[in-house]
Amino acid sequence: MGHRKYAQPRRGSAAYYPRVRARSMEARIRTWPKNNSDEPKILAHCGFKAGCVQVVTIDDRDKTPNAGKQLVSLGTVLVTPPVSILGIRGYSKDHYGLHAEFDVYASEFPKSISKEINLKNKDGAIENAEKILGRVKEIFAIVAVSPRAAGLEQKKPYIFEALVSGGDVKKQFAHVKELLGKEIKIDQIFETGATIDVAAITKGKGWQGVIQRFGVKKKQHKS
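My numbering puts the first residue of the sequence shown at 1, with every later residue one more than the last.
Distance windows between CB atoms, simulated:
{"hint": "1", "residue 1": "A14", "residue 2": "K222", "range": "30 to 38 Å"}
{"hint": "2", "residue 1": "E191", "residue 2": "L98", "range": "25 to 33 Å"}
{"hint": "3", "residue 1": "I196", "residue 2": "C52", "range": "15 to 23 Å"}
{"hint": "4", "residue 1": "R135", "residue 2": "G51", "range": "45 to 53 Å"}
{"hint": "5", "residue 1": "R135", "residue 2": "A15", "range": "33 to 41 Å"}
{"hint": "6", "residue 1": "E191", "residue 2": "H95", "range": "31 to 39 Å"}
{"hint": "7", "residue 1": "H99", "residue 2": "A22", "range": "20 to 28 Å"}
{"hint": "8", "residue 1": "A50", "residue 2": "I184", "range": "15 to 23 Å"}
{"hint": "9", "residue 1": "S24", "residue 2": "Y96", "range": "17 to 25 Å"}
{"hint": "10", "residue 1": "I184", "residue 2": "Q8", "range": "42 to 50 Å"}
Rather than coming from a laboratory, the hints here were simulated on the basis of the structure. Ideal placement from N, C-alpha and C gives every residue a C-beta, glycine not left out.
With the hints as extra help, turn the sequences into a complete structure.
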């Protein structure tokens with residue numbers, strides 16, 4: 001069995017390394033798209049897996065073996081409850097990366113999550129944030145979603161940051177300021193039929209073997 005790596009490709013994906021438990025249930029987004037519009041827009045939403053369906057399509061690619069034929073593929077169904085805008089975070093940028101400059105929180109939160117979080121503004125937080133907008137390069141909305149709104153039992157909300165893009169920094173700050181303490185739905189962020197990027201945390205495989213975790217093929221018992 002020497003030099004087996006020359007006889008077949010590797011099993012499992014090298015994209016998910018190291019294969020350990022995720023640090024957080026909120027997926028990390030390293031690169032954000034750009035919104036070339038003058039109107040600011042929040043660029044992220046959150047959903048929970050509800051199930052799977054079979055999607056029947058026609059292969060419209062000309063130079064494929066299945067061109068013009070019917071294809072059956074797997075589709076994932078997500079439930080996307082409204083997300084709540086908890087606050088605003090401004091970042092400055094230098095050659096070391098991004099640095100948080102300020103946090104501004106809403107004065108009131110929706111009832112679905114108000115009992116589970118405790119975020120309060122410092123005195124004059126909004127005024128101080130507006131004074132230093134000149135050195136801020138990126139505005140993020142601090143967003144929360146309640147699993148109970150998706151039919152799950154968990155009470156504690158998931159809190160994550162979503163980039164606000166479009167227009168200048170002052171427009172972005174004013175846009176999120178108007179949404180503080182409010183809920184927004186997914187159709188306010190994405191359009192029907194749009195192609196989007198998805199990042200997720202898998203359920204994990206625990207102590208299961210390499211067949212489940214890496215997709216290794218089982219050989220015959222007399223091989």
